[in-house]
Amino acid sequence: MEKISVLTAKLKKAVAEEGIGGLAGRTKGYLARAKKEKEFQREKSRVYRDILFISGCNEQLPHPHRYRVVHQMEQLEAGGYTCDTVYFQELKPWMVRCYGAFVIFRCPMTDTLREFATMAKQMNKPLWYDVDDLVIDTKYTDQIPFLDRMQPEERQAYDQNVRNMGELLSLCDAAVTTTAALAEELKQYVPEVLINRNCASDEMLLLSEAVLKEKQKKNEADGTAKKVRLGYFSGSATHLDDIEMIVPVLKQLLGKNPNLELLIVGILELPVELKLFASQIQMEGFVDYQKLPERIASVDINLAPLTDTIFNRAKSENKWVEAALVQTVTAASNLGAFAEMVQDGEDGVLCRDEAEWLEKLQWLIDDEPARKAIAGRAYGRCSRECVTIFHATGICEWVERHWNLRCAFVLPAMEISGGIRVALLHAEMLVKAGAQVSLFTLEGEAEWYHEGDFHFPVLSAEREKLQGTLDLAVATMWNTAEFVEQSSKIRKKKYLVQNFEVGFYPPGSPYRIATSATYRMRSPMEYVTISKWCQNWLREEYHTEAVYLPNGIDPSFYPKRGRDLQGKIRILIEGDCSAEHKNVDESFRIVEQLDLEKFEIWYMSYNGNPKSWYRVDRFLHRVPYEKTPEVYAACDILLKTSLLESFSYPPLEMMASGGYVVAVPNGGNLEYLKDGENCILYPQGNLAEAKAAIERILTDAELRKKLDTGAEETVKERNWKRIEPQILEQYLGK
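Under this note's numbering, the first residue of the sequence shown is numbered 57, with each subsequent residue one higher.
Source of the hints: derived by calculation from the structure; they are not laboratory data.
Being a predicted model, the structure only gives us computed values, none of them experimental.
Just so it is clear, CB atoms sit at the ideal spot from N, CA and C, and this is done for glycine as well.
There could be a bad hint or two in this list.
[Unchecked claim] BS3-like cross-link-like pairs, simulated, lysine-lysine; straight-line CA separation at most 30 Å:
#	residue 1	residue 2
1	K312	K274
2	K588	K616
3	K616	K747
4	K683	K654
5	K271	K416
6	K777	K730
7	K762	K747
8	K428	K307
[To be verified] Restraint ranges, calculated between C-beta atoms of paired labels, are given here:
#	residue 1	residue 2	range
9	Q399	Q216	35 to 43 Å
10	M339	W504	54 to 62 Å
11	N592	D731	16 to 24 Å
Hey, can you work out the whole structure from these sequences and the hints?
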């Protein structure tokens with residue numbers, strides 16, 4: 057936020073220059089832009105895509121951005137990935153939610169990028185640093201003679217920027233680069249490096265093909281060339297020392313061959329030694345890439361000299377590729393990428409020293425058929441091997457190998473019920489195992505879900521919003537299954553069945569049929585369940601096989617307290633009284649049978665409010681999950697009367713806290729509730745037996761001792777640490 061004094065100064069300046077009306081117009085325009093940007097951010101922040109390129113270059117340095125961002129995005133998109141790009145100074149924290157991986161191109165470390173990288177690592181999202189020059193350590197850039205011409209302050213800023221790039225590189229998981237020499241140096245900073253050579257884009261090929269047709273027409277019309285043109289396309293001023301290396305050669309050739317011309321394109325001044333031949337030399341400024349093919353095609357020989365430094369040995373073969381696509385022969389220094397890629401005399405010419413430059417350039421000047429033959433072979437090779445869409449497989453396969461498993465749990469909303477809690481626990485296990493996990497919701501505006509050290513991005517479960525690939529998606533409730541089933545972006549689909557949700561709706565509700573249909577989906581859907589009861593009815597009623605994943609508990613989360621059952625006994629009733637299958641009314645009918653002078657009644661519910669006739673001493677509404685252990689620890693007996701449960705966590709949570717359980721048996725809780733061993737069960741509707749069960753716990757010390765032992769064993773068996781390997785095996789296959 058700008059300081060008030062600065063804003064005041066700007067305000068005064070605007071009023072002085074534009075008047076109140078002008079200021080109002082400017083303010084209106086600013087507000088409109090801000091609103092539009094906010095709407096754009098909100099919409100984009102709900103979309104999931106594969107890869108975000110964070111670029112350290114903008115329009116002031118377009119050439120590197122085009123090759124290493126735009127062209128690599130084209131390669132990845134040709135391989136089926138979805139990509140976006142953002143300038144590093146426009147990077148926003150919300151963007152870390154919306155992509156599966158990040159390519160950071162030539163960016164210096166900033167506070168924003170440090171925070172962004174930390175968040176990405178917490179979510180197991182890979183960071184890959186892309187760099188096409190050795191601008192990551194001053195030990196390399198000190199070898200660029202041009203930098204010695206900078207003013208001290210300018211050089212200091214340049215060097216600091218280089219060091220900042222090296223710092224960010226070292227924070228990344230791997231690097232992507234252009235040449236073997238670069239890769240060798242980068243291995244000192246990151247554990248792995250991919251060489252993905254620079255390629256021409258499909259647009260460059262199109263532009264080059266159009267220029268080539270015109271060139272061929274012109275050659276046919278002109279016949280044998282009377283003049284021969286050399287071309288040097290430098291780009292930046294840092295190449296001054298490269299051209300100066302062959303100035304003695306150019307001086308001899310221009311003097312010896314009056315039919316020879318030289319075109320120099322870029323931010324360079326004509327070397328003093330060549331001014332004598334000014335009539336044979338044409339100087340042009342920087343050329344836009346769309347016009348570059350035409351300028352390269354206008355020369356017969358493309359010059360690519362490089363002084364022999366480690367910095368230059370790391371440079372790519374762009375100049376050769378660009379010239380090859382318009383069938384112009386390249387003469388290059390025999391080092392680095394040129395030595396790797398160019399076959400001397402076959403599809404280019406390589407020169408080791410001044411004598412070779414002089415000899416080979418004179419040969420090319422004299423032998424037009426040789427020039428054209430070499431250029432033709434270079435075109436044939438580069439138009440096949442050095443274009444993005446024909447060179448996509450390598451980087452796509454590398455990305456696939458280096459991606460952490462991309463998972464999603466699809467939820468109805470971020471309202472944390474017992475079933476959602478289980479799904480989130482599974483998600484936490486996957487994150488600990490190295491997977492990246494997102495939450496997709498059918499409803500709600502939440503962007504994050506935080507649980508302890510875990511930070512889950514929350515995105516929209518709409519098919520048009522899922523534009524990136526997921527390795528695994530898990531439906532968690534019946535209404536999330538359709539999204540998982542129908543999305544073509546999900547490779548492996550699972551449905552975590554946690555209850556017979558048909559029973560949640562009364563007869564005649566259309567949701568009963570829709571819910572039932574999800575238990576027999578036709579597309580490849582793997583069913584898993586946390587309940588043996590669910591596993592049985594899926595098999596028997598729907599002929600659907602489901603893998604059983606036991607539910608568990610973290611005992612350390614629940615402070616255990618021995619109950620002496622002296623004084624007023626506190627009974628906890630839990631459940632949504634608006635849900636018929638929770639049968640909460642029965643719990644309060646049992647309460648009516650008790651001597652309320654001896655009991656205190658607490659009622660905990662996430663959704664429903666107590667009915668007017670309920671006897672409630674304390675109502676606990678929407679208790680945060682992390683506070684529920686305090687509730688269990690404060691109570692003595694849990695009275696749980698649900699009729700339909702796939703598992704039922706509250707009894708297990710009460711056991712873990714050292715309390716006692718009186719419950720109605722149902723299909724789910726019978727998996728671990730054992731009457732007389734770790735709880736007391738009574739038949740649904742038998743209020744007298746329920747009352748008697750409560751009184752037995754109060755009066756029978758031997759029974760309490762037995763229940764304590766049984767509860768302790770049950771909690772031990774259900775410890776998540778024992779169950780976690782089974783869950784990871786199912787999701788990860790290991």
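Cross-check of the supplied hints:
1. In summary, the hint linking K312 to K274 is supported, as the alpha carbons are separated by about 27 Å, within the 30 Å threshold.
2. Restraint check for K588 and K616: satisfied, since their Cα atoms lie roughly 28 Å apart, inside the 30 Å limit.
3. This hinted pair checks out: K616 and K747 have alpha carbons roughly 25 Å apart, not beyond 30 Å.
4. For the proposed pair K683 and K654, the alpha carbon gap of about 26 Å is at most 30 Å, so the pair holds.
5. Taking the CA atoms of K271 and K416, the gap is about 24 Å. The hint holds against a cut of 30 Å.
6. About 23 Å separates the Cα atoms of K777 and K730, which keeps this hinted pair within 30 Å; it holds.
7. Between K762 and K747, the direct Cα distance comes to roughly 20 Å. Compliance with the 30 Å bound is thereby established for this hinted pair.
8. With a CA separation close to 25 Å, the supplied pair K428 and K307 stays within the 30 Å bound.
9. Hint check: Q399 to Q216, Cβ distance near 42 Å, so the stated range 35 to 43 Å holds.
10. Checked against the hint of 54 to 62 Å, the C-beta distance between M339 and W504 comes to roughly 56 Å, which is consistent with it.
11. In this structure the hint that N592 and D731 lie 16 to 24 Å apart at CB holds, the actual value being about 20 Å.
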